[in-house]
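Novice: Chain residues, written in single-letter form:
There are 4 protein chains.
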Amino acid sequence: MNHNSREKMDALQGVAELKALQQNEPIASFLGMELVELSPGYSRVAMRLRPEYVNFNGLVFGGIIMALADQAFAYATNSVARPSVASQFNIHFIAAARPGDRLLGECRVVRNGRRVGVSEMTITDQDGRLIAKATGTTIPVR
Amino acid sequence: MNHNSREKMDALQGVAELKALQQNEPIASFLGMELVELSPGYSRVAMRLRPEYVNFNGLVFGGIIMALADQAFAYATNSVARPSVASQFNIHFIAAARPGDRLLGECRVVRNGRRVGVSEMTITDQDGRLIAKATGTTIPVR
Amino acid sequence: MNHNSREKMDALQGVAELKALQQNEPIASFLGMELVELSPGYSRVAMRLRPEYVNFNGLVFGGIIMALADQAFAYATNSVARPSVASQFNIHFIAAARPGDRLLGECRVVRNGRRVGVSEMTITDQDGRLIAKATGTTIPVR
Amino acid sequence: MNHNSREKMDALQGVAELKALQQNEPIASFLGMELVELSPGYSRVAMRLRPEYVNFNGLVFGGIIMALADQAFAYATNSVARPSVASQFNIHFIAAARPGDRLLGECRVVRNGRRVGVSEMTITDQDGRLIAKATGTTIPVR
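Just so you know, the protein sequences line up as chains A, B, C and D, in that order. Counting the first sequence from 1 gives a position; this note's numbering is that position plus 55. Counting the second sequence from 1 gives a position; this note's numbering is that position plus 55. Counting the third sequence from 1 gives a position; this note's numbering is that position plus 55. Counting the fourth sequence from 1 gives a position; this note's numbering is that position plus 55.
Heads up, a few of these hints could be off.
What the hints assert, rightly or not - Which residues of chain B face chain A? A partial, calculated answer using Cβ under 7 Å:
1) 75
2) 77
3) 80
4) 81
5) 110
6) 147
These are computed hints drawn from the structure, not numbers from a lab. No residue lacks a Cβ here, since even glycine has one placed at the ideal position from N, Cα and C.
So here's chain A without its partners, still in its complex pose (with noise of 0.2 Å):
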């Protein structure tokens, strides 16, 4: 087997491995966030806004928003170099989110190196509007 085919093996095993591991998550089962997509150095995962994530504003609380970027982050980064921990993330809100929108976050590793890694995140609603986008930075702790 030459050295390609072992790379793209060993990245299949890792989203096989991911895939399984993340069927009981209690955080994703508390938050009701949804695995939709998982490739090597690509998550896709889904929310629906409920009632109990807005705040004293009437709005939807921003930390939920974070939530779900992070839960992209954590799948695509983990895809790649498991287990890989955030040390860092940034994130700019774009638009309001309403309670009962369908939420999709998004997140693609720009960078897999062997000490640090950086991704992109993405937010958009049902309708493909834009609600938010993120960077942040991984270490992988293997």
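Fit chains B, C and D to the known structure of chain A by using the hints.
Specialist: Below, chains B, C and D without anything else, positioned relative to chain A:
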């Protein structure tokens, strides 16, 4: 009444109104976040880490740490300019927290401008150990 | 003239004014940064890395990479809302650049709001290799 | 020699080596940045703002403020783990600086981990006025 007294009264009224508003806050009940201190431009929020907050790697989900920081951020910034909305948030994870920990999220407004605000947040555990540090940008939307 | 034509004309005028303004810009001459493309909400800036840009570790100084990203950021955001001032900037360094490289800094405005703007920047070298990615927040101060 | 003394000696040696290295640093001469204090995990750097640092809006270029923060960041982090490279940097601009100002950039390492470091920076002017606050991530590459 002189200018300084007026400003001080406005600030205290902002704090009083926000304290009333947050008593039936859906996200605070849902995540178990409790406002323990609020003064103009400063807040402290406590959260007990439940078993539901664990992710597929068996660690406390980073999004939960961010939610606590964001809640302190929301209270501190809205105590001086309400409503204010978060435009940006950046966090550095310093040490892992464990289920059962009682975390404290603290926020201090560094700049309360007419067009933009800047704040700093710190997350510590019950032993005073530093868990995360964050900063953020708010836009007053009066 | 209809609303869309008016908006388009305003945008093109903003670009023309900014192109004129930047011709004798002190920092651009000092650092050797050249505006190579400008359209409403988009800019591209080039910079040759001089031997003076090296730090004590013998590497290109990160602050120089940030300066290039910031210059593209300033042009793109001011082309749609002038004057706009940067409130926040975040960068991820992806690969090292070398003295002699000709870098390109590119910026795209993601959101051009009345109160706040959000932009994305990319730094690449002459071979198209990704050097850094950045995002930032601007406040229009008209 | 006990463990603590050994660590202290290593730290002081790191500081001494870095002080020697930075004496002929190209970027420091080019931008006029002067190291005024260095101890393990802490640095202070001064820079006079020259007329060349002004941008097309007639304001001091943000990239110059970032460069000063980045220089303090590089010194403080490399004093405890050399070489360390910056992976990420985030800044909030608080107040405008003016040509002629003598700025101080200060950096403190908050976490000096085996795999990753986190630091905080502050920029003030000659009157102690806060100009900017920044944070950053470094990777030790020994």
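Novice: Which constraints among the numbered hints does this structure fail? Numbers only, ascending.
Specialist: 1
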